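A.B. asks: Mind the numbering: the sequence shown is residues -13 to 250 in my numbering, read in order.
Worth flagging that the hints you see were computed from the coordinates, not collected in a lab. These figures come from a predicted structure and were not determined experimentally. Treat each hint with caution, since some may be false.
As the list claims (entries may be wrong) - Across the chosen pairs, the derived CB separations fall in these ranges:
no., residue 1, residue 2, range
1, C214, G53, 56 to 64 Å
2, E18, L109, 40 to 48 Å
3, N87, K26, 22 to 30 Å
Just so you know, even glycine gets a beta-carbon here, dropped at the ideal spot from N, CA and C.
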Amino acid sequence: MASEKDSQAIDDGAVPVHVSLLAVARSLFGNEQYSDKVVKCGKREWKVHKALVLPQIEILAKAFNGGFKEGEENVYTFSDTDPAAVHALLQFVYHGDYSANNNDAMSSSVLHLHVFNLAEQYLLDALRDLAASKFKAYTERLWDQPDFAVAIDIIYTLDAGGNGDLKVTLLDIGRKHITALMRNPNLHADFHEVVRRVPAYLADVHTELATHSSEMLTEVVCPSATCCCVFAVSLSATETTNLWCPECSISRQISKWKTCKREV
-13 MASEKDSQAI DDGAVPVHVS LLAVARSLFG NEQYSDKVVK CGKREWKVHK
37 ALVLPQIEIL AKAFNGGFKE GEENVYTFSD TDPAAVHALL QFVYHGDYSA
87 NNNDAMSSSV LHLHVFNLAE QYLLDALRDL AASKFKAYTE RLWDQPDFAV
137 AIDIIYTLDA GGNGDLKVTL LDIGRKHITA LMRNPNLHAD FHEVVRRVPA
187 YLADVHTELA THSSEMLTEV VCPSATCCCV FAVSLSATET TNLWCPECSI
237 SRQISKWKTC KREV
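Start from the sequences, fold in the hints, and give me the full structure.
C.D. replies: What follows is the structure, given as structure tokens:
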């Protein structure tokens, strides 16, 4: 039994800590020693340690401890997600972070999207925020690369109603760089291909531009017979500046758009 003096020494931090608990947790990731549960996704599986994993992921704890087959077989299978995202989730549980490096299955931005969605599904707010932060940093740095178009396609097509934080990132980038992206279809062919299929993104970018603009905006009607979209734009730039319809992506110079003003 510890003496009062010993207890005081511990309380005062006088007893040195030789082994970091975090270092121990990190060393156990991917280490089968002392593992007592199995996590599977696709063709991959991980031997994990319930003392580390279950307190952090309540859904897994309920699956293993709630009288379900997971508890009987000591195996939990992730479905409808990518193994790379599950690996990142488990890496986060053991390390407090995850890395997109050495991932051949998908690009970094797509991995962050999958991790974000998986974190939302499993109620892991800290991982969700981390994935959103990583996605923002990566996409802001490489907005002129094909990955940006892929992210728009995934967020607007596969999960149109969700991913609010990620949409904010895409719209901020669009607001800053839409002219550069639209000016050269050959250089940014992936972006042009995606926004023609996902006009909602361009519509949202135009709304962002209107919201953040202090200039006078004019409502114009797209001249395309198959579109006729009505949207607000600034016509104060030079006559030869190109503007794009957010619905059908038709490009016209400002001098032409001035003839398309909406009649009140």
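A.B. asks: For the hint 56 to 64 Å, verify it against the beta carbon of C214 and that of G53.
C.D. replies: Since the Cβ atoms of C214 and G53 sit about 59 Å apart, the hinted range of 56 to 64 Å holds.
A.B. asks: Quick check on a hinted range of 22 to 30 Å for N87 and K26, using CB atoms only.
C.D. replies: Since the Cβ atoms of N87 and K26 sit about 23 Å apart, the hinted range of 22 to 30 Å holds.
A.B. asks: Honestly, do E18 and L109 meet the 40 to 48 Å range at C-beta?
C.D. replies: violated (28 Å)
Of the numbered hints given earlier, the model fails hint 2 alone.
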